[in-house]
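With the hints as constraints, model all of the structure from the sequences given.
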Amino acid sequence: MNIVVCMKQVPDSETRVKIGADGKSLDLSSVNFVINPHDEFAIEEAIRLKEKHGGEVTVLTLGPDRAENDIRKALAMGADKAVLLRTEGDFQGDVAIALAEQIKTMGSDLVLFGKQAIDEDSSQTAQLVAEYLDLPCVTVVVKLDADPAAKRLTAEREIEGGTEVVELPLPAVIGTQKGLNEPRLPNLKGIMAAKKKPLEKKEPVNQASKVETVGLELPPPRAAGKMVSQGLDGVPELVRLLHEEAKVI
Amino acid sequence: MSVLAFAEQRNNTFRKSAFEAVSQAKILADQLGKTISAVVVGSNVENMAAELGKYGASKVYVVQDPTLSNYSTEGYTQAVCEAVAKAEASIVVLPATAMGKDLGPRVAGRLKAGIASDVTGLTVEGGRLQITRPMMAGKVFQKMIIKTEKQVISLRPNVFRATEASGAAKVEVLSVSLNPIRAVVKETRVESSKKVELTEADTIVSGGRGLKAPENWDLLTKLAEALGGAQGASRAVVDAGWRPHEEQVGQTGKTVSPQLYIAVGISGAIQHLAGMSSSKTIVAINNDPEAPIFKISDYGLVGDALEVLPELTKQILKLKGQ
Chain G
121 MNIVVCMKQV PDSETRVKIG ADGKSLDLSS VNFVINPHDE FAIEEAIRLK EKHGGEVTVL
181 TLGPDRAEND IRKALAMGAD KAVLLRTEGD FQGDVAIALA EQIKTMGSDL VLFGKQAIDE
241 DSSQTAQLVA EYLDLPCVTV VVKLDADPAA KRLTAEREIE GGTEVVELPL PAVIGTQKGL
301 NEPRLPNLKG IMAAKKKPLE KKEPVNQASK VETVGLELPP PRAAGKMVSQ GLDGVPELVR
361 LLHEEAKVI
Chain D
3 MSVLAFAEQR NNTFRKSAFE AVSQAKILAD QLGKTISAVV VGSNVENMAA ELGKYGASKV
63 YVVQDPTLSN YSTEGYTQAV CEAVAKAEAS IVVLPATAMG KDLGPRVAGR LKAGIASDVT
123 GLTVEGGRLQ ITRPMMAGKV FQKMIIKTEK QVISLRPNVF RATEASGAAK VEVLSVSLNP
183 IRAVVKETRV ESSKKVELTE ADTIVSGGRG LKAPENWDLL TKLAEALGGA QGASRAVVDA
243 GWRPHEEQVG QTGKTVSPQL YIAVGISGAI QHLAGMSSSK TIVAINNDPE APIFKISDYG
303 LVGDALEVLP ELTKQILKLK GQ
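Heads up: the protein sequence lines correspond to chains G and D, in order. Add 120 to a position in the first sequence, counting from 1, and you land on the number used in this note's numbering. Add 2 to a position in the second sequence, counting from 1, and you land on the number used in this note's numbering.
For the record, the hints were derived by calculation from the structure and aren't laboratory data. Predicted model only: the values in this text are computed from it and were never measured. Keep in mind that a hint or two might mislead.
Just the calculated beta-carbon pair ranges, DEER-fashion [to be verified]: (1) D:G230 / G:R342: 44 to 54 Å; (2) G:E323 / D:P216: 33 to 43 Å; (3) D:S45 / G:Q212: 39 to 49 Å; (4) D:T223 / G:E302: 23 to 33 Å; (5) G:D353 / D:G169: 50 to 60 Å; (6) G:Q212 / D:E309: 30 to 40 Å.
Using N, Cα and C, we set each Cβ at its ideal position, and we do this for glycine too.
Right, here's the structure in full:
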């Protein structure tokens with residue numbers, strides 16, 4: 121199976137947000153970047169499928185040059201090669217179209233995404249790319265079985281209070297969710313090998329984005345409230361405050 | 003021109019967020035001087051459609067077929083797009099539920115529309131939608147506009163109100179010749195119908211390392227049950243395998259905003275705080291008085307979770323007369 125994994129580089133989840141001088145972008149000057157945590161499940165699943173069924177795993181990223189650092193980490197985990205759709209600063213184009221146009225040239229059987237990027241939280245790129253490529257798509261997948269000979273997948277997706285079991289043909293697009301697998305840490309051999317793996321850099325197709333950010337705002341700060349007495353002594357006071365003051369019980 | 007709401011149903015029962023979508027579509031339609039319609043997709047759903055009139059829909063389109071009894075991205079996308087064409091809709095409003103989050107982008111792609119997902123604020127200025135939505139699990143809010151003529155928005159559940167009014171809807175069944183569906187839902191497994199979904203819960207009790215061992219979790223479950231709430235968990239205890247990942251609250255888990263959030267034995271890592279700090283009332287119980295969670299809590303109790311939990315459950319049951 122030829123598998124494309126779409127990976128995004130994002131600020132890590134411990135990042136404290138600072139808004140940039142333009143008021144509509146993040147100040148990224150002191151940010152630590154990581155592979156989008158949800159994408160790690162996609163990378164791991166792609167490698168496992170390759171190990172089981174053969175084929176090749178290509179990492180596809182849209183982003184600036186700094187993304188190369190995390191692309192190399194995915195290659196160290198076991199992906200074979202990578203494509204970086206290189207952008208300068210904030211990409212003003214349509215990300216899903218840029219990815220879909222690139223994937224069209226790659227002849228893949230399966231395209232994997234994380235369920236959402238933890239910076240923008242939109243959880244829409246996999247579905248949009250699937251629509252642009254006219255492929256079936258299952259999102260928020262926690263279990264995946266592939267039968268490459270029959271060109272079929274069985275995917276379990278998370279819904280409120282349960283799962284849906286979906287059967288679909290390849291080629292397809294899958295959005296992965298925590299629970300699907302336990303992403304591996306790259307070993308030293310993988311890290312050394314990753315340095316020599318091919319990374320192609322090219323310009324993304326740049327079609328104007330359909331949306332525009334007009335500003336960013338921080339949420340109103342929350343102040344610390346009341347401390348009740350310590351230990352068991354505090355319980356009656358807490359129950360009374362929740363009942364009479366906050367009126368939530 | 004109209005605003006079209008997608009009214010989600012499962013097993014021929016509307017979700018609460020379906021009513022939220024219809025009510026909000028009605029508000030937008032009034033502000034934009036457009037008409038409001040809704041679409042219901044499923045199998046044998048014609049009889050339930052009229053109920054949406056109570057939430058402001060003047061017209062409800064129904065697309066029904068036995069192959070639509072289970073949700074499918076492709077079948078539902080086609081159904082919604084047929085309703086968009088029939089209603090001449092320029093704005094489509096969906097709930098940002100498991101179904102709506104999957105469906106909305108596919109519909110947007112088909113319509114060549116821009117989309118805003120998981121929206122928490124909507125206003126109309128100069129005839130244009132001004133959208134607010136959280137990013138990074140709520141660490142920052144994005145103000146945005148959609149530049150295409152057709153626009154798709156999904157609403158975060160529990161944020162917009164479902165408002166009942168007097169009103170009746172005309173129901174029109176659309177005859178749609180459905181394309182073959184490639185990704186077919188073979189089975190829907192819902193663990194327990196009684197279980198409250200985390201993102202839709204009014205009360206959440208979440209636990210962390212302070213519970214010391216997975217076998218103590220029962221104490222937290224009892225408190226959640228006493229409050230009729232859902233259970234959440236910190237990333238630490240999910241990664242340790244104490245709790246299933248679907249209970250994880252935080253930037254790499256779920257973002258929640260209940261009326262009451264009780265954090266038990268959770269110190270309050272930045273990524274956890276991001277996922278719950280928009281809760282209305284926050285209570286923290288932790289044995290470390292310096293824990294960051296206290297800095298954003300309305301009420302704090304310094305104490306051992308294992309000691310405090312049973313007593314808190316007991317007193318809450320007593321208050322409720324049980």
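Against the structure, the hints come out as follows:
1. D:G230 / G:R342: 44 to 54 Å: 25 Å, violated
2. G:E323 / D:P216: 33 to 43 Å: Between E323 of chain G and P216 of chain D, where Cβ atoms are some 51 Å apart, the hint is violated.
3. D:S45 / G:Q212: 39 to 49 Å: 43 Å, holds
4. D:T223 / G:E302: 23 to 33 Å: 26 Å, holds
5. G:D353 / D:G169: 50 to 60 Å: Given about 53 Å between the Cβ atoms, the range holds.
6. G:Q212 / D:E309: 30 to 40 Å: For E309 of chain D against Q212 of chain G, whose Cβ atoms are near 56 Å apart, the range 30 to 40 Å is violated.
Checked against the numbered hints given earlier, the structure breaks hints 1, 2 and 6 and satisfies all the rest.
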